[in-house]
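**Q** Hints given; two lone chains; assemble the complex.
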Amino acid sequence: MSSFSTDGKSEKSLVKMVSIEKWFGKVHALEGIDFEVRCSEVVGLVGDNGAGKSTLIKVLSGYHLADKGEIYFEGKKVNIASSLHARKLGIETVYQEQALAPNLSISRNIFMGREPVRSLGFMDKKSMDRESMKALQSIGLHLRSPDALITMLSGGERQGVAIARALHFKAKLVILDEPTIALSVREARQVLEFIKQLKREGISVIFITHNLYHVFPSADRFVVLTRGEKIADIQKKDTSIDDLFELIVKPPSHN
Amino acid sequence: MRPFPNKNGQKVKQRLSRDWKSRFVKLFFGYQSSSIFLVLIGLILLFTFFSKYRFSSVPNIKVLLALGPEFSIIALGVGMLMVSGEFDLSVGSILVFCSFIFIKLFEAGINLFLAGFITLAAGALLGLLNGLITTKAHIPSFITTLGTMMLWRGMALILSQGFTRPFNPEVFPFFSSILTARIGGVVPAQVIWFGVFGLILWMVLHFHKFGNWVYATGDNKEAARAMGINTDRVKTICFMIVGILCAFVAVLQITRVSTFSSRAGDGWELRAIAASVVGGTSLMGGIGSMVGIFLGSITIPIIENGLVMLRISYFWTYIIFGLVIILSVLSSIYLKRRKLRHD
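Protein chains in written order, with this note's numbering: chain R, 1 to 255; chain Z, 256 to 598.
Errors might be hidden in some of the hints.
[Said to hold, decoys possible] Restraint ranges, calculated between C-beta atoms of paired labels, are given here:
#, chain 1, residue 1, chain 2, residue 2, range
1, Z, Ala376, R, Ser82, 29 to 39 Å
2, Z, Ala392, R, Val27, 39 to 49 Å
3, Z, Phe372, R, Val27, 23 to 33 Å
4, R, Lys88, Z, Glu425, 56 to 66 Å
5, Z, Val451, R, Arg189, 32 to 42 Å
6, R, Ser154, Z, Ser432, 54 to 64 Å
7, R, Ser184, Z, Trp275, 31 to 41 Å
[As the list claims (entries may be wrong)] Below are the DSS-like pairs computed for lysine-lysine, each with C-alpha atoms no more than 30 Å apart in a straight line:
#, chain 1, residue 1, chain 2, residue 2
8, Z, Lys591, R, Lys125
9, R, Lys196, R, Lys76
10, R, Lys126, Z, Lys391
11, R, Lys26, Z, Lys391
[Said to hold, decoys possible] What the simulated footprint calls covered on chain R by chain Z, stretch by stretch (three residues with Cβ under 8 Å from a Cβ of chain Z suffice, anywhere in the stretch; the number is not a length):
#, segment
12, 82-88
13, 99-107
To be clear, the hints were calculated from the coordinates, so they are not data collected in a lab. Built from N, CA and C at the ideal position, the CB exists for glycine as well.
Excised from the complex, chain Z in its bound form (with noise of 0.2 Å):
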């Protein structure tokens, strides 16, 4: 008698931990930015592994951490702008010229704070002009940051007749720490401000009505315009928020470098959309999660950096992105099936 019992009470237990797993499973793969997630982890493995550590010392991460934010802040606002169903290539032009606007602001002794909203405004300038140049002449927005992309960059080439300009931030010692300064030592500031941005964009995004406006846009624009949405101007303020990221990039990346580069952002408008599309957002707008576009905006700098760590040439990176963006694409779309098929 007494084996009996004792076994099926057993069995029943047993059953109960599978449930609570094959739920789990289920919850996490029913997750959009699960895919991405697994891909990252892949990556800071393979990568930790196969560079004999070098990946996950403390040095690499610091520098990581540092470098890796001011492309990963531009991301974001690239991602979000996709959801609402447009893109911009214009992004490394803009930083780049905004690197202007503020290295000649310096160079005139303003204050750097000022000289700071003076860029701010001029990103979010730079992106109003996109978005009005796409919304109202109803130009595709590829064409037209195809055209700024290539007017901001050969600006700052003229202006700047292509040499660096020294920036020197022991001017203004405090408004260069809040900028690059490391937390507790280890930290960088850069880091905080992505995270501060990605928060942001999390809760406007998923939160704000004006997030559940640029998904409709993106998703049905002519549904979002019968329900009373201004779609032309919920662009425009993707468009300028995308701007402003880049000025603030831009500020942030000559006062840790100290030095303007004219050639600051160049190839970062398509390593964004890349982010984007392995954060699991659709180029036709309307699905996406910024969880998703944090994650994917993470990993393009992860497998620079990783590369670097693994002493594989650099030529090497644009077969590996070329392999990450496919595979998590297809795992996304694996994953989407699998999903509609348990539901």
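Same shape as in the complex, but just chain R (with noise of 0.2 Å):
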């Protein structure tokens, strides 16, 4: 709690990935990785198409299994089967493009398969839409009103409909993956305006991304990837946009 020491070695690990490996078929995705995000910190994941990124994430969010490797959350080993399961624990992963309904509102994408019930199932749709603009403030996302659809929204604020939805049930890790493909300018300085409000509330970030210009301001550390393997685990302070796009082009060093 006390420790804000700038190089992060000192504060908890919350989530802790130890020599993962997946397979598809012959396709070695994962080639034993370490991965490891710590409390309160925006780590970014780069790396080029097919680099594995999101097969590491869908280790850790529930939607793969590992063939091989440990994970250990907030120090306790875990054995992420299910989606759910890794919501359970505070892992909550925004997918761009398919984590809402677009017709539907705002508080009920927010509350989808959560829904607030008062008796016999039925919604408790006056705390739905309360706690929908709470979530929304928070996150600095002032939006008229909690009964807009989504398909009425820019595609920064349905980023931030979705990191809301991850901040109300208390995530303690938020997985964002690509937040800002396909957003303008403007939009996307909103995303990473939402980020820096995550950290500022305690929450861990992992930044998916090919944009080094996005993720850069907004992360710590930053981890490379490259045909599955782990290249890079990098302190901002130690490195350069320039020299992380070194990393990502660079062919993998085998042996």
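**A** Shown next, in the form of structure tokens:
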């Protein structure tokens, strides 16, 4: 709690993945990856297409099971078998464009699958609306009504709704999969603001992206994957955008 | 001095009333089901005047209220299933197969209440089958239910040899009276049943968490699944609701006409889909409201009956159906665009 050291080493580990291996048929998608996220840390997970970023995240969010390796959450060994299990631990994944139902209202989206009920399973609409607005405001997003449909929102606001949902359900770790892709410059900046707000709330973030210009200012640390291998794990102060770029495009050094 | 403020005051008043009117118009047209409501009112007025008031005569209304709900009850369930993103082409066949089960149980002399419950269970089972085949084998429901449509109709034909069979409702007067009695000698019980089912499904779809799951499943299945909703189960339950409603209508219809006919429910499957579309339900799922589906489900029987009252050849029915479907979808698209512009 009292630790604010810049190197981050003394901060508490939130999630730790050790020697994760994943095969898809004959394809070795993850080759013994070690990956750690500390409390209230923003980690930029970068790499080219097919580097294994999504696979690694899907193992963490319970979508895929690792073939080998261990996962520790808050120091305890866990076996994340489903996305439901991951969410119960406090790991929320915000998939781009997949997270929301466009023709449903904001509050119905935020509470989708976890609706507060009064009796006989009937939804508590009032508390849904109130809590939705509260969650949106906590990440600095001010929308007119919890009844607005998602289709009416801009791309940035949509990401905001998905992030607010994670926040409301007391996520400890929010995984953002390409949150700024297909967004305008202004909307992307809005999403980067949400990420800062998450960090201020003490929530850890994994930010997956191609766009180093988006991730660089937001992240504390960068993990670079290339063809299923981790080739770099660097603090921001020890690197630059150009260095990271070189790391991503450099062919992996086998042997 | 005097006329000046007076004039001013009048102007303000005028503007206020205009504001109120425009707000009402905006609210009305902003509502999803307004277009179908207008189509319905238009049809009723048209039929009333052009049939020289035969359409609005008491005997005709009595017939319409007793007969119409049979189709409309099933259409309610089909609408909800469509919101979840699936179709059911087998409703007419589930209906006739359940009719056959019910008449067999009646002939065996079983207590009719028990027979009714067994028939409902059979309907639920047929719906469950549609749901399981569709969700577990990843077959589009259009294909699954096309298959079961032919299967159950064929089974009913083989088992009944195509003959009609008599049903005597007087054996259990209490049973038939709760299904088909006229309340106060006027309002048929069928209308009450339709209203009750409409109310229950309205509450479930719009206020129950299951309703939210139905919308989420139809709107974005991947998102719903990522949020922990068992979309396969949601769809299967919707199929089962349709099956139960078909079985209920099977019992209702046999009690009303006192006969089993192997042609019961023939052609209802596409009409039920048409009713939902007219009521503003999207063919892709995720969009639709129970009010719209309710209004859509009464449009179809009204058109059928109205054309009879106009003494127009029955062959015209399909032309009118076609026009009404296209017009109501066009008008709802127009209203949606208008709403988006104004917002």
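**Q** Now, for every hint given, state plainly whether the structure supports it.
**A** How the hints compare with the structure:
The hinted window of 29 to 39 Å between Ala376/Z and Ser82/R holds, with their beta carbons roughly 33 Å apart. Here the CB-CB span from Ala392/Z to Val27/R is close to 28 Å, at odds with the stated 39 to 49 Å. Checked against the hint of 23 to 33 Å, the pair Phe372/Z and Val27/R fails, with Cβ atoms roughly 55 Å apart. Judged by the Cβ atoms, the range 56 to 66 Å given for Lys88/R and Glu425/Z holds: they are separated by roughly 59 Å.
Restraint check, Val451/Z to Arg189/R: a C-beta distance of roughly 53 Å breaks the suggested window 32 to 42 Å. A beta carbon spacing of about 59 Å between Ser154/R and Ser432/Z agrees with the range 54 to 64 Å that was offered as a hint. For the hinted restraint 31 to 41 Å between Ser184/R and Trp275/Z, the CB-CB distance of approximately 39 Å keeps it satisfied. Annotation: proposed proximity of Lys591/Z to Lys125/R holds, straight-line Cα distance about 25 Å (limit 30 Å).
With a C-alpha separation of about 28 Å, the suggested pair Lys196/R and Lys76/R falls inside the 30 Å cut-off, and the hint holds. Distance hint between Lys126/R and Lys391/Z is unfulfilled; the C-alpha atoms sit about 37 Å from each other, more than 30 Å. Straight-line distance between C-alpha atoms of Lys26/R and Lys391/Z comes to about 27 Å, which keeps the hinted pair within the 30 Å bound. Note: the segment 82-88 of chain R has 3 residues with beta-carbon separation from chain Z under 8 Å; the three-residue rule is met and the coverage holds.
Given a C-beta distance limit of less than 8 Å, the hint that chain Z covers the segment 99-107 of chain R holds, as 6 residues qualify and 3 suffice.
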